[in-house]
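**Q** Heads up: the protein sequence lines correspond to chains G and H, in order. Under the numbering used here, the final residue of the first sequence carries the number 404; numbering is consecutive throughout. Under the numbering used here, the final residue of the second sequence carries the number 456; numbering is consecutive throughout.
It is worth saying that the hints were derived from the structure and are not from the lab. Treat each hint with caution, since some may be false.
Using 30 Å as the maximum straight-line C-alpha spacing, the simulated DSS-like pairs for lysine-lysine come out as follows [claimed, not checked]: (1) G:Lys35 to G:Lys357; (2) H:Lys414 to G:Lys394; (3) G:Lys35 to H:Lys383; (4) G:Lys357 to H:Lys383.
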Amino acid sequence: MPSVCFYFQVHQPYRLRHYTVFDEDHRYFDTFKNRAICQKVANKCYLPTNRLILDLIRRYDGRFRVAYSITGVLLEQLAEYAPEVMSTFDALARTGCVEFLAETYYHSLSFLYSRGEFQEQIFKHMDTIENLFGQRPKVFRNTELIYSNDLAAAIEEMGVFDGIITEGADRILEGRSPNFLYKPPKEGNVKLLLKNYALSDDIAFRFSNRDWCEWPLMAEKFSHWVNRVNGNGYVVNLFMDYETFGEHQWEDTGIFNFMRQLPDEIMKHPDNNFKTPSEAIKSYPATDVINVPGLISWADTERDLSAWLGNPMQSNALHELYRMEQKIKKVGDKTLLSDWRKLQSSDHFYYMCTKYFADGDVHKYFNPYNSPYDSYINFMNVMGNLEKRCGKSQRSRQKVLR
Amino acid sequence: MLGWEFPPFISGGLGTACYGLTKAMSKLGLEITFVLPRAIRMENSSTCVKVRTPADVNNGKTEWEVCEQELRNIKFKAIDSALKPYASAETYRHEIEEMIRNKQKLCGMGGGIAGIDEFEAQAHYSGDMYTEVHRYAASAVKLAMQEGFDVIHAHDWMTYPAAMAVAAVSGKPLVVHVHSTEFDRSGENVNQMIYDIERAGMHAASKVIAVSYLTRNIILARYGVSGDKVEVVYNGIERNGNGLNFGRIDINKDEKIVLFLGRITMQKGPEYFLGAAKKVLEVMDNVKFVMAGSGDMMRKTIELAAELGIGSKILFTGFLRGEDVRKVYERADLYVMPSVSEPFGIAPLEALNHDVPVLISKQSGVSEVLTHVLKADFWDVNEIANKIVAVLKYPPLQITLREHGNFEVRKLRWEDAAERCRQIYLQLIEQAVCV
Numbered sequence: 003m004p005s006v007c008f009y010f011q012v013h014q015p016y017r018l019r020h021y022t023v024f025d026e027d028h029r030y031f032d033t034f035k036n037r038a039i040c041q042k043v044a045n046k047c048y049l050p051t052n053r054l055i056l057d058l059i060r061r062y063d064g065r066f067r068v069a070y071s072i073t074g075v076l077l078e079q080l081a082e083y084a085p086e087v088m089s090t091f092d093a094l095a096r097t098g099c100v101e102f103l104a105e106t107y108y109h110s111l112s113f114l115y116s117r118g119e120f121q122e123q124i125f126k127h128m129d130t131i132e133n134l135f136g137q138r139p140k141v142f143r144n145t146e147l148i149y150s151n152d153l154a155a156a157i158e159e160m161g162v163f164d165g166i167i168t169e170g171a172d173r174i175l176e177g178r179s180p181n182f183l184y185k186p187p188k189e190g191n192v193k194l195l196l197k198n199y200a201l202s203d204d205i206a207f208r209f210s211n212r213d214w215c216e217w218p219l220m221a222e223k224f225s226h227w228v229n230r231v232n233g234n235g236y237v238v239n240l241f242m243d244y245e246t247f248g249e250h251q252w253e254d255t256g257i258f259n260f261m262r263q264l265p266d267e268i269m270k271h272p273d274n275n276f277k278t279p280s281e282a283i284k285s286y287p288a289t290d291v292i293n294v295p296g297l298i299s300w301a302d303t304e305r306d307l308s309a310w311l312g313n314p315m316q317s318n319a320l321h322e323l324y325r326m327e328q329k330i331k332k333v334g335d336k337t338l339l340s341d342w343r344k345l346q347s348s349d350h351f352y353y354m355c356t357k358y359f360a361d362g363d364v365h366k367y368f369n370p371y372n373s374p375y376d377s378y379i380n381f382m383n384v385m386g387n388l389e390k391r392c393g394k395s396q397r398s399r400q401k402v403l404r
Numbered sequence: 022m023l024g025w026e027f028p029p030f031i032s033g034g035l036g037t038a039c040y041g042l043t044k045a046m047s048k049l050g051l052e053i054t055f056v057l058p059r060a061i062r063m064e065n066s067s068t069c070v071k072v073r074t075p076a077d078v079n080n081g082k083t084e085w086e087v088c089e090q091e092l093r094n095i096k097f098k099a100i101d102s103a104l105k106p107y108a109s110a111e112t113y114r115h116e117i118e119e120m121i122r123n124k125q126k127l128c129g130m131g132g133g134i135a136g137i138d139e140f141e142a143q144a145h146y147s148g149d150m151y152t153e154v155h156r157y158a159a160s161a162v163k164l165a166m167q168e169g170f171d172v173i174h175a176h177d178w179m180t181y182p183a184a185m186a187v188a189a190v191s192g193k194p195l196v197v198h199v200h201s202t203e204f205d206r207s208g209e210n211v212n213q214m215i216y217d218i219e220r221a222g223m224h225a226a227s228k229v230i231a232v233s234y235l236t237r238n239i240i241l242a243r244y245g246v247s248g249d250k251v252e253v254v255y256n257g258i259e260r261n262g263n264g265l266n267f268g269r270i271d272i273n274k275d276e277k278i279v280l281f282l283g284r285i286t287m288q289k290g291p292e293y294f295l296g297a298a299k300k301v302l303e304v305m306d307n308v309k310f311v312m313a314g315s316g317d318m319m320r321k322t323i324e325l326a327a328e329l330g331i332g333s334k335i336l337f338t339g340f341l342r343g344e345d346v347r348k349v350y351e352r353a354d355l356y357v358m359p360s361v362s363e364p365f366g367i368a369p370l371e372a373l374n375h376d377v378p379v380l381i382s383k384q385s386g387v388s389e390v391l392t393h394v395l396k397a398d399f400w401d402v403n404e405i406a407n408k409i410v411a412v413l414k415y416p417p418l419q420i421t422l423r424e425h426g427n428f429e430v431r432k433l434r435w436e437d438a439a440e441r442c443r444q445i446y447l448q449l450i451e452q453a454v455c456v
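If we strip away everything but chain G, and leave its shape as in the complex, we get:
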């Protein structure tokens, strides 16, 4: 019986340029670097993988289905730097076999700091998805799969969602399987889909690791593992960064071939099928209540917020950023608002993480800065300038009013 539910996270932040305390212009973002990265990832991952997924959907006549969550900040960048990727996503949308999820437009941590801003960003994202792909998202995923009972309540309250996607962390499952659907403690319609992190990480992280006892991972072996769920679960949720394909796992690791063969191997077993998150939610009941009083996420082994909120710099930068919300919104300047919101992408705070910094690991790979301290300094300099702009605009507005 198990359905396989693929959801790919697609995101690139607006990286900041080197901005010192002596800079006074309002060009905060490194256009050159952002374009270069966008185009590089487009060529290595987005274009070939979109083509592959499109092929698979056609080959299996709609029986192969996937979901995407594409952030607003990436959609903006793609439209500008790699429009050809947009047309392949559009083609995918038109197959009817692809679901698009909702999230905060700016890939932000706004849920933690401003519920108003949180909702505005979700609606902005849903509107964008509807405009581009002709479907209004029904399932929500929060940035970095950050989740708690409160988040579930906030989403339920919005009244537009059927489900939420989050991490199948051990400490919330307490021995239960991530392959069932669950519901939050507060009564409502929203169901929870939990990431099967063991199987997801086999593809996303361990696939090319030669020290791993299961290396090399073949589609056949992987589908055996999926078949084992048979009779003990409804759906295997494989959630991962889209960049896994071609960018984190390079083409020469065989990742594309693996994916090309996977649907065939999975569907060899007559009970298996592929479902999108909305379809899984419609097909299966929630079996139990999951209680998550504290916040969880999908990051690192801790599955907590320490990658974004682990040191005083990160906490300070976030508090300072959201402290400006009212001021920014009062000014009513669109560019100012958008600049402020682009600073909310969780990546900026991830770069400030001092955890593991000395060891040099996955955190370093994604980090455009040499050190978390440099990233904090840069961020604070930009924010300083942003705040100055608020003051200036307000003063000039007052003049006009007078």
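Following the hints, complete the assembly by docking chain H onto the known chain G.
**A** This is chain H only, laid out in the frame that chain G set:
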């Protein structure tokens, strides 16, 4: 082991390094005979090595008794070579003075850590250094014939002639330890004689120990030593009970203090410190820049501060002694080391040890081992200023740097350096047996 200085007779990093290293080696059970160039009159010292006033002994040799338990495996030998008056022309004398100054540059951050003042430091290194070096060599050979040992370990060029002579006489393997090179001390203004001695020492040695990869690269590129002979052993730092810092004195809470602590010489980049200060003062007012130390560029630096119009914001303290050093660290919000060339740089470790965050130049060996610090190119005055402002403006940055930096510096232990040296010794002894 052949050295040129040892606490309390130090003017800088070399003495501190020899002390830390030998102490740790002693703990590992290695027996060390430490040979110093000459005996110096000592008064009650503040360091933990207690040395008896050396009595003159025949044979030009003095032995000290070391009371400290931790140094129990170390014997100290001092070759008593009295100061020689200059017998040469005025120009030659000038050159000697230049050499002495270079030596002092080498000793680098002397300002902070030495327990002796400028005058005594001068006395320590005055005299005709070239003659000293060779007198030291001659005496060391005599001494070596009376001592039993397996390996010769020589610290910096002043001891190389002695070490080579001892190696030739005894046939024991030679390790030279490069704490700095002539290129670090003098830029491209290389003293040929010193360069020749350094080169000869490195080539004669069975192994060369460099204090950083930066230095290793110089040894490979400038001295033509083959790479398989050069090992990197980082310096360490002693944690000597600075955990009582919570009572930080804040006389004037509004005023921030940025500290430069070291010899004011070309190698340490004082002009870049001032350049950055000027920039910082463009955007902040409540800052004072303290330059603790002295050196051959002192006067030029004071003049430059005046020229930049920031004279009132720069405090020159001169050479600081132990207790004053501690106080200045307690007041400091940030320690800046804009060194143009720094083979290692123990001083930033001392600052971290005192809970002061540090900003170091990328052109320093110590930047290879420290990650929880701020780094900038020494010439990038704009970036140095940018980082200084950030530390002063954003307390969370200071807190995070201090917490992580202090933790990180604890991992740099002399015990590990000593162990690395021991491995190198064992390897050499084994090779010697095989031959």
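**Q** Please name the hints from earlier in the document that this structure breaks, with their numbers sorted from lowest to highest.
**A** Violated hints: none at all, because every hint is consistent with the structure.
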